[in-house]
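> For reference, the chains in residue letters:
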Amino acid sequence: MSNNTMTGAEILIKALTDQGVDTIFGYPGGAVLPIYDALFKQNSIRHILVRQEGGAVHAAEGYARSTGKPGVVLVTSGPGATNAVTGLTDALMDSIPVICLTGQVPTHMIGTDAFQECDTTGITRPCTKHNYLVKDAGDLARVVHEGFYVATNGRPGPVVIDIPKDVQINRAEYTAPEKVRHKTYRPRVKGDLEKIREAVEMIAQAERPVFYTGGGIINAGPKASSLLTQFVRMTGYPITNTLMGLGGYPASDRQFLGMLGMHGSYEANWAMHDCDVMICIGARFDDRVTGRLDAFSPKSKKIHIDIDPSSINKNIRVDLPIIGDAAHILEDMIRIWKAGARQVDPARIEPWWRQIDIWRARNSFGYEKTDKLIKPQRAVEALYEKTKDRDPYITTEVGQHQMWAAQLFKFENPNRWMTSGGLGTMGYGLPAAMGAQIAHPDKLVIDIAGEASIMMNIQEMSTLAQYKLPVKIFILNNQWMGMVRQWQELMHGKRYSESYVESLPDFVKLAESFGAVGLRAETPDEMDSLIDEMIAVDRPVIADVRVDPTENVYPMVPSGAAHNEMILGSESGASEVPQATDEGLALV
Amino acid sequence: MQDTIARHTISALVDNEAGVLARVIGLFSGRGYNIDSLTVSEVDSANGVSRINIVTTGTPMTIEQIKAQLDRLVPVHRVSDLTVEGPHIERELALLKVRSSGEKRVEALRIADIFKARAVDATDRSFVFEITGSASKIDAFAELMRPLGLVDMSRTGVAAISRGPDEI
Numbered sequence: 331m332s333n334n335t336m337t338g339a340e341i342l343i344k345a346l347t348d349q350g351v352d353t354i355f356g357y358p359g360g361a362v363l364p365i366y367d368a369l370f371k372q373n374s375i376r377h378i379l380v381r382q383e384g385g386a387v388h389a390a391e392g393y394a395r396s397t398g399k400p401g402v403v404l405v406t407s408g409p410g411a412t413n414a415v416t417g418l419t420d421a422l423m424d425s426i427p428v429i430c431l432t433g434q435v436p437t438h439m440i441g442t443d444a445f446q447e448c449d450t451t452g453i454t455r456p457c458t459k460h461n462y463l464v465k466d467a468g469d470l471a472r473v474v475h476e477g478f479y480v481a482t483n484g485r486p487g488p489v490v491i492d493i494p495k496d497v498q499i500n501r502a503e504y505t506a507p508e509k510v511r512h513k514t515y516r517p518r519v520k521g522d523l524e525k526i527r528e529a530v531e532m533i534a535q536a537e538r539p540v541f542y543t544g545g546g547i548i549n550a551g552p553k554a555s556s557l558l559t560q561f562v563r564m565t566g567y568p569i570t571n572t573l574m575g576l577g578g579y580p581a582s583d584r585q586f587l588g589m590l591g592m593h594g595s596y597e598a599n600w601a602m603h604d605c606d607v608m609i610c611i612g613a614r615f616d617d618r619v620t621g622r623l624d625a626f627s628p629k630s631k632k633i634h635i636d637i638d639p640s641s642i643n644k645n646i647r648v649d650l651p652i653i654g655d656a657a658h659i660l661e662d663m664i665r666i667w668k669a670g671a672r673q674v675d676p677a678r679i680e681p682w683w684r685q686i687d688i689w690r691a692r693n694s695f696g697y698e699k700t701d702k703l704i705k706p707q708r709a710v711e712a713l714y715e716k717t718k719d720r721d722p723y724i725t726t727e728v729g730q731h732q733m734w735a736a737q738l739f740k741f742e743n744p745n746r747w748m749t750s751g752g753l754g755t756m757g758y759g760l761p762a763a764m765g766a767q768i769a770h771p772d773k774l775v776i777d778i779a780g781e782a783s784i785m786m787n788i789q790e791m792s793t794l795a796q797y798k799l800p801v802k803i804f805i806l807n808n809q810w811m812g813m814v815r816q817w818q819e820l821m822h823g824k825r826y827s828e829s830y831v832e833s834l835p836d837f838v839k840l841a842e843s844f845g846a847v848g849l850r851a852e853t854p855d856e857m858d859s860l861i862d863e864m865i866a867v868d869r870p871v872i873a874d875v876r877v878d879p880t881e882n883v884y885p886m887v888p889s890g891a892a893h894n895e896m897i898l899g900s901e902s903g904a905s906e907v908p909q910a911t912d913e914g915l916a917l918v
Numbered sequence: 024m025q026d027t028i029a030r031h032t033i034s035a036l037v038d039n040e041a042g043v044l045a046r047v048i049g050l051f052s053g054r055g056y057n058i059d060s061l062t063v064s065e066v067d068s069a070n071g072v073s074r075i076n077i078v079t080t081g082t083p084m085t086i087e088q089i090k091a092q093l094d095r096l097v098p099v100h101r102v103s104d105l106t107v108e109g110p111h112i113e114r115e116l117a118l119l120k121v122r123s124s125g126e127k128r129v130e131a132l133r134i135a136d137i138f139k140a141r142a143v144d145a146t147d148r149s150f151v152f153e154i155t156g157s158a159s160k161i162d163a164f165a166e167l168m169r170p171l172g173l174v175d176m177s178r179t180g181v182a183a184i185s186r187g188p189d190e191i
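Those protein sequences? They're chains A and B, same order as listed.
Basically the working numbering = 1-based index in the first sequence + 330.
Basically the working numbering = 1-based index in the second sequence + 23.
If we strip away everything but chain B, and leave its shape as in the complex, we get:
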């Protein structure tokens, strides 16, 4: 139990100042923690605050350390382990380029429809699909597209927020 490795989504509010992302990434690489996904963007321009969402894996002790180490960085205001603190929503956006012809092309469109992915670019030989959802939904979509001519993919990484009225 103690050593079970689990996936956690951690959100941090940080001062949007030079080097803050390097501090966070350096902390992970320096202490040997994993980063499965990372997103960062300003969320409060009046106060210069950015939000960093990190998906990581580790034992409960490691995850607790990651949280404490992040919280220790001077420009970090607040750290929240969304996986532990209650129900939350995770979304990721992906763009997938599928190059094919004939029956495969039709099949790609059909599957895109099932996944509610939109074609945002089309040529006579290719589509670019935009899909939003959980990371696992995007994984599943990509798996199905692979034999249908998936040649290129770009993912944003996970944005996450807690359910209910409370802020981070």
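Bound-form chain A, shown alone:
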């Protein structure tokens, strides 16, 4: 063997460096000690020590979603790998590029039930886009380069690379990234021009059009968002975003109808139901969007643009599918639109806008204005008003607070909003905020949280302390697992089975014990000054905002109902809660 050999661990570090990695989120253990040793001897990659491996994956997701670059995780074998599984599934569901490096027992011990051994590739096969077990140090560099290619091209997703300890120690030659080309994986990027022309024609002739865009716009990069904004403004048509797609179109714009879906706005859901042409870009007709499938948007012709062919016709049959990258296709659409010198006759879509304005007047995100209690919606609105000029990065946990944040916080740019959409992982927000803060040290990063969710990864407070990350945790504390309580109230006869959170910690003291600042507000006035104080302090903060414990998220499309059958809140002309059917009760 020639002299340019390196150990597997050194090869790994070099491969990561060549892939432009500057940060790894990880936790050491027996099966990754050689890699940690190699990390110790270098200065190009910064390692962030989390407190539990699950936190590492969500932190990598936050890093990835706020930068557009893949997030990198390093964990040990056995429990290190199994703790990462929730985060990997989360990244798969939300199409987030993550590279997760797992240690493994030495190759000769695989299959012997060795200490901290688990079948990592077997366990993570269904929750990754792809995974590898590297059995030879000579393959390691190629696999890492290929892994980055797979994670970031096509529909992004998590990739696990399982590296036995002997492979980390053995010597081999390095392979540079330019020498690696995946044998077969070439996702289609450019859309079929004939179909794009046909789509432009359909769009130009629509009378009741609506754009429905999702996380695919965010994943296609900031250029896709600006092209989308340009195209939507050229047409003058209304647009709605999915939970994952918020920030893909400026939320303060008049053409924006707000989020759609189970807790989407009245106008967005009705526009989807009554439209004649639906332009879906980078969204996947998820059950939270469609409601009852046979009643979904019955009068429309549907155009579906997606990079993943398996998203087409999965839940809803569409009329015109176009496979490719959203930015490329939008670019072609704009070009073809302009070349045809198309102009939308405002008179043609004026009745549609008039109808939308009637729906909009219901003010479906409205809530009772009171000075006695802090309404959670008011807390989100106040937070938005006081932080919007600082271009904040917002993460959330999962539940009612997440929906209020999605409804009321207005995102003008992509990559500012990070929430667990597909998997709905409680405990996502704090580590994700950590990752976003690492990537943007000078920005304001806020985790809008619930008191139940925050407890799921509260250990990461210690990481915030270690790296002096001034993440703000804004807890809408209603003492309940609010969304569970809401469903029990509306669908299970107010039998609040196990949804009250007993024995919560004193969040102010908890913050202080982790070297953070703890703040509490019990009245609207206190809340306003709490927000000012929280923003002003250059340290991590836990803000315990005591909100109305009985508030529900409206509108709500109950499970099993059509997407235009919404329950509204009292401020929007409350509607009767329909009796839940057995079929509806069986749905999630």
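Hints are computed from structural coordinates only; laboratory data are not their basis.
Positions of the beta carbon are idealized from the N, C-alpha and C atoms, including for glycine.
Fair warning: there could be bad hints in the mix.
Stated by the list, open to error - Think about it this way: if two alpha-carbon atoms lie no more than 16 angstroms apart in a straight line, the pair counts; the simulated EDC-like pairs of lysine to aspartate or glutamate are:
| no. | chain 1 | residue 1 | chain 2 | residue 2 |
| --- | --- | --- | --- | --- |
| 1 | A | K513 | B | D147 |
| 2 | B | K127 | B | E113 |
| 3 | A | K513 | B | D67 |
| 4 | A | K513 | B | D94 |
| 5 | A | K513 | B | D38 |
| 6 | A | K465 | B | E40 |
| 7 | A | K632 | A | D616 |
Stated by the list, open to error - Partner residues aside, some chain A positions facing chain B, computed with beta carbon under 10 angstroms:
| no. | residue |
| --- | --- |
| 8 | H460 |
| 9 | L463 |
| 10 | V480 |
We have chain A; now place chain B onto it with these hints.
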């Protein structure tokens, strides 16, 4: 029409690497698709390519999903729905053990002859027949052998290829 459940034979070329079959099977079980038959073997050793043939049933929408989901797996090169894409040939090989005596034994041999099945093992009380053909031909043969003392059967599952000069 939309919901008619039909049988489809799907072929996929895949990288012959560790875990690729588990990926395909996991996809079917994880998403609740049926597998009626599955065969897999290397077909191009120079390039390390295997061919997987799957017989499945589903509505047109499900079959379209199965194809798209298979195609999405990173080590899958090409997926072809032979049932949709034109005329194709399906063959399966089966070994059937028939244990009987007297008139039944003679009858078993006679039927084997009609089906062009070969006796590949014989004792004074039993035969093992080898038969090749479509899955339905093998079903029919097995049905006739059942009352004649069929005690054991091993089937390979369906291998399939398109007719005409074009490759998959």
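> If a hint holds in the structure, say so; if it doesn't, say that too.
Checked hints:
1. The straight-line distance between the Cα atoms of K513(A) and D147(B) is roughly 55 angstroms, outside the 16 angstroms bound, and the hint therefore fails.
2. Between the alpha carbons of K127(B) and E113(B) the distance comes to roughly 31 angstroms, so the proposed pair goes past 16 angstroms and is violated.
3. The straight-line distance between the Cα atoms of K513(A) and D67(B) is roughly 15 angstroms, inside the 16 angstroms bound, and the hint therefore holds.
4. Restraint check for K513(A) and D94(B): the C-alpha separation of about 14 angstroms stays at or below 16 angstroms, so the hint holds.
5. About 9 angstroms separates the Cα atoms of K513(A) and D38(B), which keeps this hinted pair within 16 angstroms; it holds.
6. Taken as a hint, the K465(A) and E40(B) pair is honoured in the structure, with Cα atoms around 12 angstroms apart against an allowance of 16 angstroms.
7. Restraint check for K632(A) and D616(A): the C-alpha separation of about 15 angstroms stays at or below 16 angstroms, so the hint holds.
8. Given the 10 angstroms rule on beta carbons, the hint for H460(A) holds: about 4 angstroms separates it from the nearest Cβ of chain B.
9. Against a cut-off of 10 angstroms between C-beta atoms, the interface hint on L463(A) holds, since the closest Cβ of chain B lies about 7 angstroms away.
10. With a cut of 10 angstroms, the hint placing V480(A) at the interface with chain B holds, because the nearest CB-to-CB distance is about 6 angstroms.
Checked against the numbered hints above, the structure breaks hints 1 and 2 and satisfies the rest.
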